[in-house]
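Student: With the hints as your guide, set chain A onto chain V.
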Amino acid sequence: MTEEGMSWEAVSSGDGGNWTRPDGEVMSPPDVDLCQVWTGVAAEVWRRRPGPAERVAARLLRSPGLARALVTTPSLLLGWVIATVVVLAAGAAATLGTGTPYVALFAPAVAGAGIAYAYGPGIDPAWELSQSMAVSDRMVLLVRALAVFGLNAAVGLAASAATGVTGSAAALTFGWLVPMTAVCALALAAATVSRSAYVGVAAAMSGWTIMVLAGKAAAGRLTAAITDSSLLLPYLAFAACCGAVAWYATRIPRGAS
Amino acid sequence: MNVELIDLTRRFGRTHAVAGVSLQAGPGVFGLLGPNGAGKTSLLRMMATVLPPTSGRLRLLERDPGSLGPRRVIRRRLGYLPQNLGYYPGFTVTEFVEYFALLKDMPPGRVPRAVAAAIEQVGLADRAKAKLRTLSGGMLRRAGIAQAIVNDPELLLLDEPTAGLDPEQRVAFRAVLRGLGEWATVVVSTHLVEDVGAACTDVALMDAGKLVFHGTPAELIARGEGSRAAGDAPLERGYSAVLAAARSAAGTRSATETRA
Chain V
1 MTEEGMSWEA VSSGDGGNWT RPDGEVMSPP DVDLCQVWTG VAAEVWRRRP
51 GPAERVAARL LRSPGLARAL VTTPSLLLGW VIATVVVLAA GAAATLGTGT
101 PYVALFAPAV AGAGIAYAYG PGIDPAWELS QSMAVSDRMV LLVRALAVFG
151 LNAAVGLAAS AATGVTGSAA ALTFGWLVPM TAVCALALAA ATVSRSAYVG
201 VAAAMSGWTI MVLAGKAAAG RLTAAITDSS LLLPYLAFAA CCGAVAWYAT
251 RIPRGAS
Chain A
258 MNVELIDLTR RFGRTHAVAG VSLQAGPGVF GLLGPNGAGK TSLLRMMATV
308 LPPTSGRLRL LERDPGSLGP RRVIRRRLGY LPQNLGYYPG FTVTEFVEYF
358 ALLKDMPPGR VPRAVAAAIE QVGLADRAKA KLRTLSGGML RRAGIAQAIV
408 NDPELLLLDE PTAGLDPEQR VAFRAVLRGL GEWATVVVST HLVEDVGAAC
458 TDVALMDAGK LVFHGTPAEL IARGEGSRAA GDAPLERGYS AVLAAARSAA
508 GTRSATETRA
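Sequences listed follow chains V and A, in order.
If you're matching positions, the first sequence starts at 1 in our numbering and goes up one per residue.
If you're matching positions, the second sequence starts at 258 in our numbering and goes up one per residue.
By construction, these hints were calculated from the structure, which means they are not laboratory data.
Treat the numbers as computed from the prediction; the structure is a model and nothing was measured.
Beta carbons are placed, not taken as given, at the ideal position from N, Cα and C, and that holds for glycine.
Far from chain A by the CB rule (all over 10 angstroms, computed), these chain V residues:
id	residue
1	87
2	96
3	213
4	217
5	230
6	248
With a cut-off of at most 20 angstroms between alpha-carbon atoms, the simulated EDC-like pairs for lysine to aspartate or glutamate come out as follows:
id	chain 1	residue 1	chain 2	residue 2
7	A	388	A	352
8	A	388	V	44
9	A	386	V	44
So here's chain V without its partners, still in its complex pose (with noise of 0.2 angstroms):
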């Protein structure tokens, strides 16, 4: 940092710290590692502070690298949550026009599809990195798998909720969460199974809409997919099957070592 010819001189002040030359100019003691000064003021000036939700996901999930990548789900984004509100609301206005409970037969569908998006190739841009990375990809997975049907399970209700549909909590849960389980499971363990967002999107709407039209040409009604009690367990152990599937599609590669 000295220049040959020039004399350095350490003016006094309040903090001690401020050195100049004699034509005014503040420079740094010798002894300061102005690359290091620098970074620490880049750190500061660079640094994205957490929004109020990952703050919060940070602190039930214990760690701050799988809060960031819930806040980055694909089909968590803003633009995702405002096509999913808009098209149950478009299904809540049906419910209300006909009396039919549209809301209950677009949600599974819209969930699954949801599902499909959270994460993997081609969904997630930098998804082979991430899977070099400490942070688990399954916990990843898991994680935004959670949070999409939370929020999806929270966007249903509210929609079946304003269109003033009242029923039994053991009906509301079947016509709801149970077939929606179902066929959220069926997209994870396609998207996992064949590595494809799309794939597990085309399992979900088209077993969905198998499902629908097989009980309507059963029983007749197009809702008997989602009133039907008997269909409960069958939903369930589906469920658990898909679940059981997408949990082998993703373990952990032991290799050979």
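Tutor: Structure of chain A alone, referenced to chain V:
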């Protein structure tokens, strides 16, 4: 040894991407050369714990990546730049590097300073707040390198790191590599022979999934001396001579096996 590979193989269906590679590497810059499809990327992905080997033994940082606990420890001390770096277009350079620092389980208090240092090291300080979608290919590559080095890795794996960099950036990057190689093991897969000559202490050459040469850049140059191998530079001639010899030997072996 930070990297120990013993008879490592990786198959994709009937294709042997990596066919019995044995290798050891300590601190230093290790260049991995070879033509397209030689198996460099598969080997690097196995070392990055992204791809499990089909058979053989793999030890990284004196640990077995096949077990959950050691794998996590390895990943905390690993830096990896994949060939096709995906990025989040809406992230800034800082957010991108910070995201991976957090996923590497770095203590949150250390992250901002480490991110700033990594961004400066790759010369992106003036674009630290720029969105990734506004950056050129070379700048994106440098952002990728920044995320790879943010945790001061003991094992750094770089797949085609200089692709898209201009000559000035490549020279600067080689200096960064040499600095990192003083205490870490840096494995660089590249097509660019001059990168190896300028930055690497060791070099290995792969062809058809096999390691056909392992030595110093000077030894590779020596292989090309006096031969009629193609190449404008001594290292390129060495590269061509080793490849030609390996293919000739493989052809002879194949013909013998066919006759038998």
